[in-house]
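K.L.:
The listed protein sequences correspond, in order, to chains A and B. Start counting the first sequence at 1; every next residue gets the next number (full-length UniProt numbering). Start counting the second sequence at 1; every next residue gets the next number (full-length UniProt numbering).
Among the hints, erroneous ones may be present.
[Unchecked claim] DMTMM-like mimics (lysine to aspartate or glutamate), calculated; alpha carbons at most 20 angstroms apart, straight line:
#1 A:K362 / A:D394
#2 A:K131 / A:E105
#3 B:K20 / A:E385
#4 A:K462 / B:E552
#5 A:K462 / B:E21
#6 A:K292 / B:E128
In short, the hints are calculated from the structure, not lab data.
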Amino acid sequence: MPEIKITPLGAGQDVGRSCILLSMGGKNIMLDCGMHMGYNDERRFPDFSYIVPEGPITSQIDCVIISHFHLDHCGALPYMSEMVGYTGPIYMTHPTKAIAPILLEDMRKVAVERKGESNFFTSQMIKDCIKKVTAVTLHQSVMVDNELEIKAYYAGHVLGAAMFWIRVGSQSVVYTGDYNMTPDRHLGAAWIDKCRPDLLISESTYATTIRDSKRCRERDFLKKVHECVEKGGKVLIPVFALGRAQELCILLETYWERMNLKYPVYFALGLTEKANNYYKMFITWTNQKIRKTFVQRNMFDFKHIKPFDKSYIDNPGAMVVFATPGMLHAGLSLNIFKKWAPYEQNMLIMPGFCVQGTVGHKILNGAKKVEFENRQVVDVKMAVEYMSFSAHADAKGIMQLIQYCEPKNVLLVHGEAQKMEFLKDKIEKEFSISCYMPANGETAIINTPTKIPIDVSLRLLKAEAVRYNAQPPDPKRRRVVHGILCVKDNRLSFLDIDEVCEEIGINRHVIRFTSTVRFDDPGPAVKTAEKLKGLLTEKLQGWSITISDGNISVESVLIKVEGEDESTKNIYVSWTNQDEDLGSYILGLLQSMVQ
Amino acid sequence: MKLYCLSSDAAKPCFVLSFKELLIMLDCGLSAHSVLNFLPLPPVPSTRLTSLPTYTPPHINDPLLEGELKECCGRVFVDSVPEFCPPLDKVVDFSQLDVILISNYTCMMALPFITEDTGFKGQVYATEPTLQIGRFYLEELSEWVCAVGEGAGEARRWKELVHLLPPPLSQAVRPRAWRRLFSAAALARSLARVRVVGYDERVDLYGALDATPVSSGFCLGSANWVLRSAHEKVAYVSGSSTLTTHPRPINQSALRGADLLILAALTQTPAHNPDHMLGDLCVHATLTLRAGGCVLCPVYPSGVLYDLLECLSAHLEGAGLAQVPLYVVSPVADSSLAYSNILAEWVSAGKQARVLLPEEPFPHAALGRAGRLRQARALHELPTSAPAEFRQPCVVFCGHPSLRFGAAVHLLDLWASNPAHAVIFTEPDFPYMEALAPFQPLSMKAFHCPIDTSLNYSQANKLVRELRPRELALPDQYALPAGTGAGAGVASRPHISVDVPTVIVKRGAARAAGVRRRAARGTLCGALAASALPREVAGAAGGLRAAPLAAELRIRDARLELLPPPAPARAARLHWSALDVEALVRALAREGVGSARVEASEASGSDSSGAGGCIVHLPRHDTLVHVERNATHVFCEGRAEVRQALRRALAACLPHI
Ligand SMILES: [Zn+2]
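Hey, can you work out the whole structure from these sequences and the hints?
P.N.:
Structure (structure tokens):
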């Protein structure tokens with residue numbers, strides 16, 4: 001049986017960085033090429049030596065697919081293409097291609113300029129890497145080579161986020177990347193058709209959460225922010241420049257407008273305008289409402305939200321600041337945090353998930369003191385709120401997606417082992433399909449049925465349809481066709497006998513057998529025939545038995561009663577060679593009847 | 001496979017293809033030539049037009065004709081709301097259509113005529129830009145024609161008397177089939193039916209076929225359609241361009257090797273090179289502006305307009321005329337200009353590179369920010385910096401290119417008598433002198449710079465040769481005119497001539513095309529394939545192997561699967577060739593069934609094949625074997641073992657699988 005092999009190099013029972021190897025039909029595909037934000041050493045990048053201990057990597061990988069621009073999904077791409085030396089094809093959507101290099105550059109600056117790291121990729125490497133990317137549009141069917149086909153579906157996680165359907169021969173896999181099943185203020189919900197893949201590889205960040213309603217979360221968020229600024233506190237919201245940030249900005253903007261609030265709201269300088277330009281230009285990737293109104297009013301031109309300047313950090317009084325990056329692992333958001341954390345009136349709102357090893361993760365786990373590399377210790381007295389605004393599917397959403405696309409197997413990645421275990425159980429119970437959750441470096445092997453393309457003769461199908469439709473409807477009845485399988489030049493066809501004879505130029509030779517049974521049964525022959533039909537119907541359940549002109553037929557077996565007025569009837573049973581089993585069975589049946 | 005042609009205008013095609021039991025409409029172009037026979041519909045009342053003299057045909061006194069016709073400089077016009085010429089509705093019942101595939105926004109203007117109030121129940125597919133820009137075109141048209149023409153009476157009588165009218169009105173083709181434009185409500189309903197698809201997206205059509213739009217290089221979102229079943233491929237090539245302009249380039253490889261290629265919507269101005277025309281336009285505009293005149297370009301609200309704005313603004317800047325304002329006047333100007341800049345995924349590689357910066361793919365947003373470009377819904381809504389009389393030199397882009405409705409009608413009325421002004425025609429849909437006829441006598445300059453980037457005849461010939469279809473289908477306008485054979489020597493009009501079997505379709509006619517299919521594509525389950533054990537068939541050409549097979553048939557979502565049968569089912573054994581009776585007797589002896597007696601059968605005389613039939617008697621076993629050339633019939637009254645021995649003996653004597 002052909003196999004599909006999955007080996008996570010990252011995201012196997014963790015949420016650190018996504019990088020999953022997929023092998024099927026002789027093709028090797030890398031799904032995402034992410035970076036772990038919690039590490040500063042070589043553990044940050046996937047272990048490419050797993051693929052090939054040494055030597056060129058390009059011959060081992062047929063293509064790389066990037067699901068979206070978050071660095072835990074694309075952060076290691078320049079490393080792989082420019083430093084490890086991968087030169088094969090790379091696929092991502094247009095918005096991802098536009099936005100990913102900005103985030104990569106941002107992170108590079110933090111890593112190299114602030115932390116002074118060496119052995120990191122350069123600006124030029126990011127540019128060279130992105131040049132090699134082939135951008136795809138939604139639903140476009142892309143032939144990577146003659147056998148490997150990919151297709152992107154809307155994932156609704158961030159602008160340009162996509163799920164990918166991947167096919168080699170008759171085997172297919174769907175990789176979700178990160179996705180979101182409920183539409184939000186600027187993105188639509190993930191969507192996929194009933195593509196029935198052999199395997200669905202789904203993220204499971206929120207495997208056990210059923211999030212409370214969207215409206216409640218929003219109200220909660222606004223209430224907390226409002227209460228804090230009212231008391232003169234400062235609110236820090238660490239975000240990634242693109243994605244959730246835009247949604248929260250829209251939310252705050254409309255609230256400030258409605259409540260007529262005057263407290264300053266800032267967004268970290270630089271990226272705002274650029275980010276909004278991207279949203280404008282890729283507005284076709286946002287939700288219906290924004291697309292419909294963009295000509296009159298651009299949702300991303302904010303009235304209340306102003307660019308932030310570093311000098312504002314020490315300004316007295318209330319303010320709300322959106323600052324990057326989102327997990328408080330470096331950069332401006334961390335700087336602001338260090339200044340504001342020791343004061344009770346301030347508040348930190350973490351709108352997204354934080355990976356292990358980041359400051360954000362520590363604080364969310366209740367750390368009251370945070371120690372930094374330079375022995376600096378910061379007391380955390382500010383209020384800390386976690387709000388799951390990260391647009392991931394929750395358990396309900398994941399189950400929904402499984403229902404939509406009807407996979408034959410599910411494999412969970414990008415989640416925590418315990419939570420995955422819970423969801424795995426639920427999936428296996430509810431859908432009666434196998435669910436896998438390999439750890440990093442572990443390989444899951446999924447067997448798939450072989451399916452060979454074949455041309456089926458229309459004559460054969462039509463004859464079957466006529467027989468099938470002649471019977472009373474029964475959804476449980478199986479449909480069976482008989483014919484000849486032909487193989488020529490490695491192409492298969494399924495033909496009826498006459499077509500085969502024509503095709504190869506032979507004359508069919510039909511062999512028929514006839515036997516006689518004598519039966520004492522006074523009365524008209526028709527009555528005898530009816531009697532026989534009754535017997536056969538009882539004994540041959542599931543077969544189609546017809547009677548016409550006193551002749552009974554079952555498949556090619558004919559039963560004829562002769563001897564109109566005599567009390568002893570001759571029953572002829574006749575069948576073609578291919579129906580020997582049925583014919584001899586019926587003959588035996590009649591013979592035992594007369595005895 | 002059958003192909004129907006419903007349009008008389010090859011540039012506004014409408015075909016219906018019957019393929020695999022589906023009726024598929026390819027494009028639904030609306031021919032608007034008919035509007036040229038009507039008097040312009042000014043957006044504001046025009047004293048000149050209302051004071052034109054009425055026309056009565058000589059020696060006719062028909063009170064019903066009263067007020068229907070007017071005369072201007074020797075030309076007769078119908079004074080009524082302009083009418084259009086939709087696709088023929090008698091040949092194909094629109095309620096039976098399964099699918100409409102649209103190639104680009106210039107070929108979908110008749111959509112509401114097809115889908116509304118016709119019982120249409122099918123699906124309509126178009127790319128996102130095609131739908132959006134098509135919507136702009138249609139809404140603009142609807143606003144100008146319906147809003148202004150509302151409540152106006154309908155001139156009908158003249159249609160009965162066409163033969164008595166002077167040309168060109170007398171040559172109007174079937175004016176009784178002309179229709180007024182659909183209502184805005186019908187338009188909205190019709191557009192709501194369109195399902196949006198992307199390039200290279202495979203659309204499943206009722207499980208019978210795949211349809212895929214592929215880039216055609218002509219305008220934003222323009223597509224050629226590839227229809228594919230497991231065994232056939234049909235390529236519909238409509239409105240394609242091999243030139244480099246702002247849209248994504250044409251995808252030729254997807255069109256290769258089709259069983260049938262349908263070619264439509266070639267250039268309407270084969271004698272004019274679009275690049276030269278663009279250059280000429282810039283020169284004429286510059287000269288006019290320098291001399292203090294205004295320039296009017298009657299255009300559609302999208303498409304070539306984007307190129308005009310880009311080229312002309314750059315050219316004017318180079319000529320030191322950067323201060324000359326550019327105006328775009330259209331009810332959909334805002335949307336059209338804004339929309340073009342969010343279609344990053346649909347533009348050429350060069351424009352796409354700008355998006356990554358991120359900058360708008362088209363420069364008109366920047367022109368707008370710099371104050372050089374202004375747009376408005378209507379002339380009177382232009383900013384006050386544009387004086388109502390346009391005394392300052394400026395360039396106005398507005399519709400409609402037919403000059404029968406829209407803001408252009410008003411501007412022409414205003415400027416026609418001033419030789420300093422100029423009107424420059426760029427859209428290829430209408431003969432410009434006919435468009436200008438109701439504005440004669442004209443003192444302003446008129447230039448004809450048609451820009452049609454669709455394939456010209458030599459490009460089309462080259463393309464078809466490269467694509468190597470098995471068969472080509474053409475509307476008759478593109479074929480060699482009848483009677484002008486290759487040897488005729490006279491300069492015939494340009495036409496398609498390639499060495500490919502060609503089917504020519506005329507409006508209203510159907511032609512059979514393409515191949516007949518004999519098989520459906522399915523999949524065979526591996527386990528079943530493994531159990532089949534096909535054997536070499538002696539004598540079959542090309543090493544054919546075969547095996548009898550019984551399979552469970554499962555059809556789900558129109559996908560056909562062959563699975564192992566529920567219970568071990570009989571196999572369709574196949575024996576062939578004639579039986580050697582002596583060999584059979586020997587084989588029977590080996591099986592222990594002896595004392596066979598052979599005699600020629602009575603029927604043998606009538607056997608036309610001449611190969612004698614015979615009867616093998618097995619008296620000890622109560623069995624007779626009738627042997628004929630293509631059949632053997634065993635009458636066996638003996639025990640079952642005898643029958644099995646006979647089967648083995650027969651199998652040994654006849655080749656079989
Ligand atoms: Zn993500």
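K.L.:
Taking the hints in turn, state whether each one holds.
P.N.:
Against the structure, the hints come out as follows:
The straight-line distance between the Cα atoms of K362 (chain A) and D394 (chain A) is roughly 23 angstroms, outside the 20 angstroms bound, and the hint therefore fails. A distance of roughly 15 angstroms separates the Cα atoms of K131 (chain A) and E105 (chain A); the hinted pair therefore holds under the 20 angstroms criterion. Between K20 (chain B) and E385 (chain A) the alpha-carbon distance is near 61 angstroms, which puts this suggested pair outside the 20 angstroms criterion. A C-alpha spacing of about 15 angstroms is found between K462 (chain A) and E552 (chain B), which places the hinted pair at or below 20 angstroms, so the restraint holds.
About 15 angstroms separates the Cα atoms of K462 (chain A) and E21 (chain B), which keeps this hinted pair within 20 angstroms; it holds. About 13 angstroms separates the Cα atoms of K292 (chain A) and E128 (chain B), which keeps this hinted pair within 20 angstroms; it holds.
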